[in-house]
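Note that the protein sequences, when read in sequence, are chains A and B. Its first residue numbered 4, the first sequence is counted upward by one per residue in our numbering. Its first residue numbered 134, the second sequence is counted upward by one per residue in our numbering.
Just to be clear, a hint being listed does not mean it is correct.
[Said to hold, decoys possible] Sample of chain B residues lacking proximity to chain A, with all beta carbon distances greater than 10 angstroms (derived): (1) GLU190; (2) GLN208; (3) ASP211.
[Stated by the list, open to error] DMTMM-like cross-link-like pairs, simulated, lysine to aspartate or glutamate; straight-line CA separation at most 20 angstroms: (4) A:LYS5 <-> B:GLU181; (5) A:LYS5 <-> B:ASP136; (6) A:LYS196 <-> B:GLU182; (7) A:LYS284 <-> A:ASP318.
Since the hints were derived computationally from the structure, they do not count as laboratory data. Beta carbons: idealized from backbone N, C-alpha and C, even for Gly.
The residues making up each chain are set out below.
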Amino acid sequence: MKLVEALSLLQTADPADLPLPVALICGFTSQPLLTFLAAHMRLRVPGRRIEVLEGRFGDLTGNLERYLSAPCGFAAMVLEWADLDSRLGWRQHGGWGRARINDITAVVERQLGIIQGLLAGAAQSGIVAVALPSVEAAPVEPVAGWQYGQLQSRLDALAASFAANLSALPHVRLVSPSRLAALSSLHQRLNVKTWNQAGFPYQLPHADALASLLALLLQPPSPRKGIITDLDNTLWAGILGEVGVDGVAWDLDHHAAQYGAYQQMLQSLADSGALVAVASKNDPRLVQAAFERTDILLRADSVFPVDCHWGPKSDSVTRILQAWNISGDSVVFIDDSALELAEVHNAHPGLECLPFETEPNQVAALVRRLADLFGKASDSAEDSLRLQSLRAGAELRGGAGGKVSLEQVLASAAGVLTIVSVSDPPNPRALELVNKTNQFNLNGRRFTEAEWFNRLRSPEYFVWMASYTDRFGPLGNISVLAGHISEDGDLDLDTWVLSCRAFGRRIEYAMLGALFERLRIQRIGFRFEATERNGPLQELLNTVTGAPPVSGSLLGAVDFDQRKLPWYMRIEYPYG
Amino acid sequence: MDDLRARLIVCFTAVFPGLTADEAPNASTDTLPAWDSSNHFLLMQTIEETFGVQIPEELLGEIDSFAGFERYLAQKSDGS
């Protein structure tokens, strides 16, 4: 992005848009980095007016302290060596030479220790994105440019230790030095002219690259949920139907190590909660046998469903999406055949179709792309339950489709719905669920972390999170609702999501019943807004209110009692 | 309107949000209160990037109007 483009983009903000404050914490002149940061945040959070708050020139730790005393929820902290010791920059002249190495490293270590201590004690401050020093320190030590000198190596060791300590803090996210290097060459970052003139140390393309990564850390894209993979010449080298179970390969001995790397990546993503399914034109018995090989790196129990037949791949994708109960736009389809990719893309245009190129470097690039698409800052307990829940759901639907009625299946499921308040301490799973749920979502509203935490601090609001388990297995946390009691005594419900994994169990009815019972209210007002995808929520409101939902739809306790479907689960409130 | 002037107007209106394209050619540090040192630096950076030039340090403080930038950029494009 050019600076003029960033400035123009910021002018497109509507003054009536809700402001979104972002603090830029650094020791140098923050213009034009803050312009780029605001522009990239605007791209990541459309519809919001970004307000970047800047600190004082030359006072990095003071700026951090001031921010932490009144955090706004989002902060980007950008370090440079000269902010830790001015002798490492070009503007001030405190003397260079080997004699100063020990003193400079001691000062830098002390400064980093202060910053680390401040950040470690600020867990309630919201997300802080941190960029380590990204321009080379001035040549204090007189060594040739091709030698990694004592000073620079000691500084880098201090930065690495600082980063390792910060990376363990859940509210701190670090800019990846290698991704920054891919976007901005190390030797094209420093601008001594503007540093001397105005205290701004960067070339503009570097400022743009840095701001883009900081914005990604502060407002990351929602991770994709599922991968549908082909098998032959994709998950393994060879055509299973031709070479047999022992003929397909994914190891170095068979010049097929790139397939092993792809399998490892899929297993790693599955372990982190991504759904992995197979769509392959193959003999199902052979596929099952291949997955029973002891050396396979993607375990059979991590793959669901496996859809093998000789019909169109798009049909497999349709069935898999139904089994997962998610839409195609959160799914990636991978195949080595351009024809299959085109056929699936035509039938499912929202699905991202990625080719599996067998050349090892291209596989490595694909694996890194998958890390970007599916990567998360950390795993939640629900991530490990997701696949188990889906299998249980399929079992439940199977039972309902057979001779046993749905009522009998639900009645014998021994379900337990546990409802807790998540205002204090804040539970990150609640926000995650709100922001990624589409189908059963009251209005589709998304929150930044800062907004969500501010809301939790508000005394008049309550936020409930529900988890569920039954004899088919635990589903984990599956629903969040939030609102407040209005002056006329009605419940004003403005947030309600239910994970699609939990559909079909009447949990939504149980939650409405819990609201009436626990809050002793007579009416619930819904801050409903139709979205392209919240059909299941609309269907429920239509059923219980007796009319298509509109913004402000009301549900009375008497009407609910008359129209509700029975639920069979026990509801528990462990904290009263 | 020539291309140089049009691009320069884009730079000015991007840095100074309240400034219209008609007003920009008359802008100077005297007429535009928002033209402070911070915006001066931002304007310099925007112009340097847009036109692919490096304005010499000795001129940085001297150019204080749209017309001044226009003259400087016209000279650069003439190769003088």
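| When you check the alpha-carbon spacing of LYS196 (chain A) and GLU182 (chain B), does it fall within 20 angstroms? | OK: LYS196 (chain A) and GLU182 (chain B) at ~14 angstroms, within 20 angstroms.
| request: Would you check the hint for LYS284 (chain A) and ASP318 (chain A), treating anything up to 20 angstroms between C-alpha atoms as holding? | output: Given that 20 angstroms is the threshold and the Cα spacing comes to 11 angstroms, the pair holds.
| field | Holds or violated: LYS5 (chain A) to GLU181 (chain B), with C-alpha atoms at most 20 angstroms apart | value | Satisfied, since the Cα-Cα distance of roughly 11 angstroms is no more than 20 angstroms.
| task | Confirm or reject the statement that GLN208 (chain B) sits farther than 10 angstroms, beta carbon to beta carbon, from all of chain A. | result | holds (20 angstroms)
| query | Between LYS5 (chain A) and ASP136 (chain B), does the CA-CA distance stay at or below 20 angstroms? | reply | Roughly 18 angstroms separates the two Cα atoms, so the pair holds.
| Beyond 10 angstroms from chain A, beta-carbon-wise, is GLU190 (chain B)? | violated (7 angstroms)
| In terms of Cβ atoms, is chain A entirely out of 10 angstroms range of ASP211 (chain B)? | It holds; ASP211 (chain B) is separated from chain A by about 23 angstroms at its closest Cβ, greater than 10 angstroms.
When the structure is compared with the earlier hints, a violation turns up for hint 1 alone.
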